[in-house]
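*Asks:* With these hints in hand, go ahead and build the complete structure from the sequences.
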Amino acid sequence: MSIDGVSSIGFTEMQLTEKVINKIYQHALDNYPDECCGIVTGDEQDQRVHYFENIQNRLHADDPEKHPRDAGTAYAIDRKEFDRILSASQGRGEGIIAFYHSHIDHDAYFSVTDVEAQTVFGEPEFPDALHIVVSVRQGQIKEMKYFKWDKNRKDFVGYSSPS
Numbered sequence: 103m104s105i106d107g108v109s110s111i112g113f114t115e116m117q118l119t120e121k122v123i124n125k126i127y128q129h130a131l132d133n134y135p136d137e138c139c140g141i142v143t144g145d146e147q148d149q150r151v152h153y154f155e156n157i158q159n160r161l162h163a164d165d166p167e168k169h170p171r172d173a174g175t176a177y178a179i180d181r182k183e184f185d186r187i188l189s190a191s192q193g194r195g196e197g198i199i200a201f202y203h204s205h206i207d208h209d210a211y212f213s214v215t216d217v218e219a220q221t222v223f224g225e226p227e228f229p230d231a232l233h234i235v236v237s238v239r240q241g242q243i244k245e246m247k248y249f250k251w252d253k254n255r256k257d258f259v260g261y262s263s264p265s
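The sequence shown begins at 103 in my numbering and counts up one residue at a time.
No lab work stands behind these hints, which were simulated from the structure alone. Note that the structure is a prediction, hence the values are computed from the model and not measured. Please note that the accuracy of each hint is not assured.
Here are the simulated distance ranges between beta carbons [said to hold, decoys possible]:
#	residue 1	residue 2	range
1	D257	H208	16 to 24 Å
2	F223	Q128	29 to 37 Å
3	R160	G195	28 to 36 Å
4	V222	E120	18 to 26 Å
5	F184	G224	18 to 26 Å
6	D257	R194	29 to 37 Å
7	E120	K256	28 to 36 Å
Quick reminder that beta carbons are idealized off the backbone N, C-alpha and C, glycines included.
*Replies:* Structure below.
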């Protein structure tokens, strides 16, 4: 599948490497007690983790009525940063493998907010990409779950860690 010439590579075609999973875990730990967020690009041989700055605290400080949650319970990325990383990845011929974020002192689940953020008119922008949620409780990784778009159900379906 492709959006604006950028392909996404589904989980059925590849597994995340242990190195990538460890980088995601470290990103989640480094950002605790705030949520982290990022994407994984590449292919089966070469996978890259891209860390995004969680700008939720800034949004909340600027307009708490419009953005009532802070980075401890939500994440937001700068779309320009996302587009820049996407463009650079496309230039290297990489596809989007996964999007990820952490949940702080909560389970790893795909919330209604997560679904809304990842869909446009009820469909995901990158339907073949994994959506990974890492649970961090009291500064420790507790679990990782991934979610995949099921086109027949028109919903994201959760699975245990793909590692």
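*Asks:* Is 16 to 24 Å respected by the C-beta to C-beta distance linking D257 and H208?
*Replies:* Holds, at about 21 Å.
*Asks:* Starting from the hint 28 to 36 Å, judge whether the C-beta atoms of E120 and K256 obey it.
*Replies:* 33 Å, holds
*Asks:* Regarding F184 and G224, is the given constraint of 18 to 26 Å on their beta-carbon distance met?
*Replies:* This hint holds: roughly 21 Å between Cβ atoms.
*Asks:* Given the range 18 to 26 Å, decide if the beta-carbon distance of V222 to E120 lies inside it.
*Replies:* Cβ of V222 to Cβ of E120: about 33 Å, so the range 18 to 26 Å is violated.
*Asks:* Taking 29 to 37 Å as the stated bounds, is the beta-carbon spacing between D257 and R194 within them?
*Replies:* Roughly 32 Å apart at Cβ, these two residues keep to the hinted range, so it holds.
*Asks:* Take the C-beta atom of R160 and the C-beta atom of G195, compute their distance, and say whether it sits inside 28 to 36 Å.
*Replies:* 33 Å, holds
*Asks:* Kindly confirm whether 29 to 37 Å is satisfied by the beta carbon distance between F223 and Q128.
*Replies:* Since the Cβ atoms of F223 and Q128 sit about 35 Å apart, the hinted range of 29 to 37 Å holds.
Checked against the numbered hints listed earlier, the structure breaks hint 4 alone; every other hint is satisfied.
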